[in-house]
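Undergrad: Each chain, letter by letter, is given below.
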Amino acid sequence: MRKLLLLLMCTCLCIVQSWAQNRTITGKVTDGSGAPVHGASVTIKGTNTGTNTKDDGSFSLSIGDAAKTIIITSLNFQTQEISLAGKKMFNVQLQASDATSLDDIVIVGYQAIKKKDATGSVKIVDGQELTEKPIASITQLLQGKAAGVQVMGQSGKPGANAYIRIRGTGSINASSEPLIIMDGVSISSTAFNMINPDDVDDITILKDASATSIYGSRGSNGVILITSKKGKGAPVVSYSFQYGKMNALKLKHLDVMNAMQKFQYEFDGGYYNGNGILDSMISNRISNGTYAPGTTLLTMTNDQRQQLWSLATSRGQGDWRKAMLPTGTFIKHDASISGSSDKFRYYLSLSKANNEGTVYGSYFNTVGGRLNVEYNANSWLKMGTNLGVTNSVENVIREVYNGQAAYTSALLLNAYEPLYVNGKYNITSLGQNAMETTDDNPNVANRISSFATIYGEAKLLKHLVLRSQIGMNYNTLSQEYYLEPGSYLAQTLGYNQKRDNGNRDFVYVFTNTANWVQTLGANHNISGLIGSEFTKDKFYSYSLTARGFPTASVNTLENGATPTQATTSRSDWSLISYFAKAQYNYAKKYFIDLTARTDGSSRFGKNNRFANFWSVGATWDIKKETFFKVEPVSDLKLRASYGTAGNNNGIGNYQALGTYALNVSYNGSPAASPNNLANPDLTWEKAALFDVGIDFGILNNRITGTIEYYNKKTSSLLYNVNVSQTTGFSNYTGNVGSLRNRGIEVSLSGDIIKKKDFNWNVSVIYANNDNKVLELYSDNVPTQGGLALLKIGQPLYVYKLVRWAGVNPTDGKNQYYKIDGTLTESDPSSQAVMMNGKSPLVKFNGSINTSLSYKGIDLSAQLYYSGGNYIFNALYQIGASEGEQISKNQFTDALNYWKKSGDNVQMANIKDPSQRVTYDTDKYLEKGDYLSLRDITLGYTLPADIAQKIKFKSIRVYIQGTNLWMGTKFRGIPEVGQSNGENTSYQPGQLTLYGYPQYKAFTVGANIKF
Amino acid sequence: MKKYLYITLSGFLLIGACKKSELDLYPYNQVETTQAFNTQADVTLAVNGMYYGIRASSSYYNGTWNIVADVLSDNLLTNKAGRGSLLSYNQWMLNGSNTYLLFSGGYTMTRRANAILENIDKFSAGTFRDNAKGEALAIRGMTYFDMARVYAKTYQNAIATDSVLPYITTTDATIMPSKEPVKGFYDKVLNDLNTALPLINASNGTGRLNKAAVAGLLSRVNLYKGDYDAVINAANTALGASPVLPDASTFPKIWTDETESGVLFKVYNTAVDNVNTQGVNYYQVSGGEIKSEFVVEYNFMQIFKTTDIRTSAYIKTAPYLGSMYNDVIKYAGGKGKPAGVCDAKVLRTAEVLLNRAEAYYRKGDETDALADLNLLKKNRYSDYAPVTMSGQTLLTEILKERRLELAFEGDRFWDMKRQNVPVHRDPTKGDKADGSGTPYVYTNLEVGDYRFQLPYPQTELNFNNNLKQNPGY
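The listed protein sequences correspond, in order, to chains V and D.
Counting from 1, position 273 in the first sequence corresponds to residue 269 in the numbering used here; the numbering is continuous, with no gaps.
Each number in the numbering used here corresponds to the 1-based position in the second sequence with 26 added.
Hints are computed from structural coordinates only; laboratory data are not their basis.
Computed from a predicted structure; not experimentally measured.
No residue lacks a Cβ here, since even glycine has one placed at the ideal position from N, Cα and C.
Heads up, a few of these hints could be off.
In the DSS-like style, the derived pairs of lysine-lysine whose C-alpha atoms are separated by at most 25 angstroms in a straight line are [claimed, not checked]: (1) K46/D - K532/V; (2) K458/D - K907/V; (3) K46/D - K534/V.
Just a sample of chain V residues kept apart from chain D, beta carbon distances all over 10 angstroms, derived [said to hold, decoys possible]: (4) N48; (5) Q260; (6) P289; (7) L294; (8) L415; (9) I423; (10) N519.
Now the stretches of chain D that chain V is said to cover, found in silico as 3 or more residues with beta-carbon under 8 angstroms [said to hold, decoys possible]: (11) 78 to 85; (12) 137 to 144; (13) 375 to 382.
This is chain D alone, in the form it adopts within the complex (with noise of 0.2 angstroms):
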């Protein structure tokens, strides 16, 4: 009997005898990094990774990055009967607490870029080869520039001792870097897209980069550096001989996202995505009516003409709660979308237009420059004449169709930063439509004030005893 008994046991012992092999257990969503480029087909996950990147970032294009630059000038002021979101950055009381995503949120982004740069050579050279890795330079540049607007002076207006955030280029996570210098990080900026430029497929469409929308990026940050040359020659590549703007029934449809017409890099978002962030920042539904966040501000609404597509595009005059406000419905949501829920448009042909019109005024070719304002306002204004204008006029035309055509999109303060002008805000108008109610607390940020620079995070400063804070927090 006990013999069975032996025999029973010594089953059970087999059975619970346990190998070390049984410890080495492996999630069933991800893939060790060492094993993550080892084929084409991995670079191109990888290459879609930082396409997901920008989408999931809640700082940059798919998030608050629609609306910040508005939030910190003078486009939008706080809607008292909302939820009082983004207060610290309308009020201009930044600290080492509010910007941390703006920072971490960017260089999770490059930090995907390097490494695709850092793997891509071990690939046949070929078109494969060099597309990739023209995108993962090309989302480099894009995002360090985005950066340095926020957190560093322009380049104009940059001397040599003012630096940036480092412009890191390994995926070495040891590293404990410092500041570098702007006119050098600029350099670097250009130098990753002018590289990228030949290598990018043209055909990536719309919702990757492409040559055309690297060779507007180009036009975009050579404006900020002042090379005026550059900035046409870029644009030339971007816009083609024929630039593309959607005319005033297309228009609308670019927010709609029923149409790529005049968008030339966008980030998809789509539904099954249900990122609401980009239309949330400006509002909510609250009882079947717009309770926004923050509204047009009243002088600048009066600027915005009937004739003007972008003013029933943009803007909705709508009531709330027994009183009228104009609300921001730019990001209402894509067609077939949840509410709120749509592509977040980086950069749009009439960007690079507005930005080669003023790159040949500032070189002194009022000819072109007015033939490129004129094309957008024909395709802007149902009473469109001609007109004919030149020396400063000619300049406070082309920055206010600036101002209207970026309204809401992410660029007012940083324009303001690289003019060199100061934020001036009316004390007197609120936040209802008709200029009553509540109007800004603080009014003025004048030329050199330290708060153009917003902070560094204080979490990184606690830690990287080599980056310092920028000057004046």
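The shape of chain V in the complex, shown without the other chains (with noise of 0.2 angstroms):
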């Protein structure tokens, strides 16, 4: 083999020699400082023919008679022309190339371009603040970065999505979700939180039209564009490892009773649980005489009652914290090598993130890897290519309210409740058991997300760049649900079963763009791009079952006696795109920019598929007018933008079209079923977007902030068309309606200290967003799963339910207001109105960040804010009830019940069986504020000069703390995002319903570069 090899160089070598020419030249490439430049490449003006510097900076290159010219190129440098003319030694300064570094490059609406000239209202995170948190999700990880980006989780699973709105909500129907492009391919949210976060050079987050209008057609909610690594210099080797412990954040404000507590609520109560646990005892006293026969729990003594409860208590588990919410544990590794040569950038990594969650069999484990090469062919002609995989493996564990789920069985099943009976896990009062859903019927879902961007470039003429890329994603999801034998819901439904399903989704985007920069004169700066963007996706699905399985142990379907199962299905959707973009500065002095899309979907219309979006933006550099003189003002700009941009995100692929549905049968003969009512002018939601901003620095940029206005209204929201009920459907997905979403976007950062080896930064970000509806298609229509309405002059989702006018002291019974505003102590619920102004939707939020160095030392804090929102307590309307939920276990707040004439309490007398029942009330809304220490950091960093005595390029070694503290008058946790993981019937943050909880964490970290 190793013959083979060098056969092959030999040969190599010959060809090159073949070429031998007649004259050798040699010098030596050096930086500003004078440092050796190695990698650069020589070669002779108009050949192929030339050689590479090198560690030292030397080159040496034999050149022909007609050779004139050398040309010197490196990364990061300016190209140097050198004539030949009599000279046989060069040795050549490289001035560092306009773009500093190639970090400063970001890509924004199909140009790369630098970052201190994006203009328009574009937030960049860097990847380095993405690293270090023990979540496995990107998206939570962009939580209070950007003022006006609101991130929500899901919830605390691990793995778990977020729902992030870029300046509000702005949709009803349609997802209000942004575009989210990775490396020029548009992924969804589910994709986007498969991506290891070590692999992200930067995010960059698109608010205003003369950024987004470009995406035109999916744009209105805002765009994510993720920039995956790529290497540069001498190769960087570096290892990165987390290691952290997690624990189910405590509920605020709450306590659920202890076994002695809930005997005692229940005896009062009048309530006997019938979970058999003091029958039993009960009865076998009778039985061998202890006690009377004929006794009961009621006629007992007090004493023996207290014995029993005693005994029963000590039997029972006690803390169901304990058995449901285990302590997590996150693990990470990750490793990468990155470099670059002149023709050459390569960065490889490696991860793998273990992460077992805070809720009993709860896990979601990843291992990907990526790699992304670009080649430099010569001058003018560069290829690359992204390429990352990862996959994930996740238990799904139950996350309902009813007692297959274990959070809700950690807060509701009762103390004195043992986890086992006879060896076995107890069925509780719930009537299951969790642990035993857990661990009898598990359900992996196993994903595969798959990133590939594949680009050519070519610098054509002097001004013109070509690009066509192809970009693909592809998501694979296989996911297996078995119901064992011998587990209790097979027991209960009177078969095992097992399903295996998943799906693949499969999007690539063709884009070819044009791309023209030129200056002219000395200060008329101009740059024009044409594109046009072909974008398809594919989806197709599968679920099989079977039943009658033998045994636990084996679980592939061919084991099953009876296949019930076996179906597929498949849907696509198509976008044709074509776009322009010109923008013209003079002096970079007054910039303005013009874009324009034209966008077609096959969700659409025939009528109406193809829509057009554009914008206007200007920014004016008042620092460089001469006549600006304010010294302490080193950094000072005024830009705007108008534009329109479209969402058809999150509606049905074939949602305009009449159709009957096929895949039904009857009595296993086909058949045909009413599905859906036409619409061929179903068009594009649009969105007018206005921007007003200023970004300013001071003392040489030591504090530097932006303060932004926007304005955005969206209309021809998608939404559904009611028809009357009496011709079989409900309704059809139109255009109707409209809203707008206004506020103020301010961050603010300040170099506090700045010195040598001391330095401490504050950065604090705020946004407050006003959602309104302006215009629906029929007002006051209440929002699934009621609680609120959409009322025209309201922010989305505003709530509207019963007032609840407090337990009156003299009877103990809850009064109620009437819409008349009179009290009544009957059944309410005709009663609700609308709560003016309340809505689940967050009216401000931002951070407060620091950060501190000294020497080798950094410490960095986050604390995140939320706020004017409000919340649907139901957490505490199940827990706190007033004798309806007495069978469960109930928060001590349940204890302060009415008893007697003249007391003022909250709870009503729960001896009173009318008083047994919950209406939906204002009792239970509650602001959702709060303030989260989100995150503070401690690290250490090995001086540069002993790392590099143990060869080391650098050793940083943190512990860190998430979530450690909370503030917030809100009973529980006030991070809402889904009510559970398995209902959707309510909008985000509207409703708590026993969702997977968040969490605290101490992770310990380190990261070394050889």
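With the hints as a guide, bring the two chains together.
TA: Written out as structure tokens, the structure reads:
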């Protein structure tokens, strides 16, 4: 083998030799400081002949007579041409290129631009900021990083997606999620979550029209651009490691009853838990003669009762949290190698993370890798590919409001109930045992996400760059859910069953652009971009089930005696786009840019498939004006933009067509069923965005900041248009209504101390958003799940509830306000009124960040705040009921019920059967404001000379705490995403219903570079 | 060199150049409505689609229909240990948000029939066309009749100004219909069924509407109308010369789907379909014990004799968490099907026989009424001996047998409405088998109470201002 290789090399050398030239030149290439530049390319102009500089910057090259000039190029440096006339030794000093570092390039709107030239409302989050948290999900890492970007985890589950809202909620039925683009490919939020944060170079968030309009059809809810890492400079091998322990957050201001409290409460409420725990104890004592025959809990003496209760308490589980909410663990390893030569840039990474969750049985493990390479074939041709693959394996535990869910069980099982009975899991008062459910009904989801971007770029003429790119994102899911033989659920249902289901989602985006950049004269800078793009998404899914498995240890479907279901389905969409952008600036002082885009979507009706979007933006760099002489101000820019963008996400692919479904049957024969009403006029949701902002720096940019105002009006909302139900349909998808989001965003950052060894920075982010429905198809529409309304003049999902008037001190009954304002003690369900301005939408949020470094020690912290929203606290409604939920464990608040006339309390008399019903009242509507110490990190970096002595480039170790403290008045945890993982009836943040709890964590980590 | 580049680039651009036709995408599991009735095979699919629609509706025959009329009346009592389902029905506390699916679900079924009827005439005359038309008409008539039972007074109780929901016969999606008079509505139901009768095949099988079933439905509707000759006439057609009434050994198999004897029309619900709503309406098994949502009301239970085959076929007295309850096991599930999964029996010969017996009686033909009553009892009681009775006693006996035969089958409340009798519940008897436990909270619904008519869904009223809510709500 090695011989072969040698032979091959010799052959290559021979080929090179055969072109041998007659003169040799030598030289050395250095940078501005005189340090050698390694890997710079030295070529003879007009040929492919050339060489690279060695480690010491030296080179030697044979040249022919015809050679007149050599060209020296290297990444990060300006290209130099040197005449050969009469010289043999060349010492060349390269000037740093204009883009001072590759890090400063971002791709915005199909163009690579320098960060500092990114006009418009663009926020760039550096990849470095994302990597050091004990979270496997990239989405949540964005929280608190950019003003006007609200990120709310769907739950605290490992791997959970988040809801991302850029400048408010802009859609009703269509998705309000932003467009997410990874290396030029639009991807789903599920795929977004599969990206390894360590592979991310930066995340760019586009908020205003001048930035989003070029994404046209899908930009109305903002755009998130993710760029993966590329290598630069000498090879760097880095390894990072994290290890963390996490626990479910405890509910604020709430405690569950202990066993004795609950026994007494039940007894006082005249309730006798039918769970049989006390029953069997009593009957045993009657049969062995301890109690007289016929003794019941009510007739025995108080002492007997207390004894019985104590005994039951001792046999009970006590704290169900211990069993249901174990300590979770997080371990992550990342290794990468990256670097570049003058021709080649590379980044290779491997990662592995295991996360055991804080709820019994849940885990989320990932493994993945990435290879990004770029090759400069010559001075005008470049090509590259970014490839990444991530695999995740998750145990999808039950997350419902019943006894199959561990978190529900942790809060609602009585402390006197045992975990085991006769060595088996106790079937508790909730009719299940969540640990048994989790153990015996495993539900494992296996996902693979692949990201590929392949491109070629040619510099033609002097000012024109052509780029052709194909991007692909391929996501698969295979999920296996097994109701094992012998499991409790299998017994209840009368059959055991295994379901294998999954899907594959393939999207490809083919993009071609031509970009012209030129400077005319001294000060006129122009650039123009035209492009076309074709996007197609193909989705395929399957579901297979079988029953009658012989034993739990075999679990492939071939073992099921009776196959019961085999089904597949398919669905596609496509998008055709043409776009153009023109930019002009005069002396980098006055900037103007124009964009236009035409989009056609397969989702829309034949009459209205295509739509045009456009924007205009302007920036004025005041600091560059000679008349501007305010010395402390080091930077001052004013900018404004206006434009349109669209949305077609979140609706079905074929909503415009009137159809009969054929995927139904009757008694084994195929059937056709009316499915959808046609709407050939169905078209884009459109947003008009206005934005004005000011960017400033003071004292040589020690203080920097941005203040922005925006107003976004979304109209032609994709929404269900009702028809009379007598038609056999209730609605079709149409374009009706409009809503507005507007607000102010402020980011401030100050270097309070800036010395050689000692730095202290504080930054503050604040954003508010005012959401208002302007127009609706029909006013006052109740939302799914009840509780809320769509109402003109109000924010989306304004609550509609009965007003609770407290407990009547005289009779211990709940009082309610009727619509007319009078009091009633009877069923108030028809007396609900709108809760003016109170909605689940967050009105303001932001963060306070600080980082402090002294020599090698760094300390940073983030406080995240969010508020103005209201949450319907169903957890409290259930857990602090007035007897209705007496069979379940209750919060200690429930103890404080009305006992005698004159009691002024929050809870009605539990002995009064008429009060054992809970209505949806504003008693349970609570403010969601909170302030959380999201993150605090203490790190130490080994001094460079010591690191180098032990052959490392750098070593950093750190310890970190996540969610260590929270301030809120909310009873429970105010970070509410989904009500729970299996309930989609409610809006994000609307209702708490035993969703996977948020966590707090301690992590240690190390980053090592070789 | 650059030449190659230009060629390559043009190549890319060609691949990238996209045609507008790339946007013409169609679903893989649907056909456009305009293409849904091109061939006879399409019609067959649409006819099957009607039955699929019935099977899929959560409020009709394979949904809550088998319990709602019993919950609204005095046959069933809420089990305190249950999940508290259908409480608003049991307590007559319905409002415009509880009855949505009875309304939309019904029109979803009639929409399917209307589409067939709008398209069927373009096919050539013959048995195929007649049968499809007959099935569509029959399903439409049957569905509208049941919707009318829910939302309106019965024919005999209604006066000229009493109204009922609109009888829609079009697939036009832009309509905003208003209510129409009850009596005219009944005439339309009868017209659909009478038109269907000569068209529909006798041999469609019990899983589809057929000639005997349509005749049986006619006996039912005419009983509500009070046209007793028509009841007898239709019943004779449905039952034939010698009515098929399964005897005591076969009878329990009706409920385990092991026989179709005595069933005129049922909606198939197979193990693969796996819709367990009918069973879950009554109970689920928890810890190996029956956890009933509703139990047999104590006084009603006392009428079930041990010698009556229906007692063991319908009811089981069993413990749950240490107490005994009378659980309804009629929908425990078909043989070989998962728990709670069974065919939905919409019409049985026994009901038609009872319709005829009552019609004979009300016409003054007590002899034939008694004969029908004895025929039924002979097949139900192990200690059967022919009885001789007359007058009110005979009627009471016919109605008692009707209540027993159709218990937990979605008949009682509508039948009380038809007979114009109040619902009086015993406030002293609880949910447990021995009558202890939690009794009814709401006990009396007097004749004429507005709550005999269920409210229209508010969502429809909000949108369609031509439709007015029933009085009282």
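Undergrad: Each hint needs a verdict: does it hold in this structure or not?
TA: The hints, checked one at a time:
no., hint, in the structure
1, K46/D - K532/V, "holds (13 angstroms)"
2, K458/D - K907/V, "holds (22 angstroms)"
3, K46/D - K534/V, "holds (18 angstroms)"
4, N48, "holds (22 angstroms)"
5, Q260, "holds (22 angstroms)"
6, P289, "holds (16 angstroms)"
7, L294, "holds (14 angstroms)"
8, L415, "holds (16 angstroms)"
9, I423, "violated (5 angstroms)"
10, N519, "holds (31 angstroms)"
11, 78 to 85, "holds (count 4)"
12, 137 to 144, "holds (count 4)"
13, 375 to 382, "violated (count 0)"
Of the hints listed earlier, those the structure fails to meet are numbers 9 and 13, in rising order.
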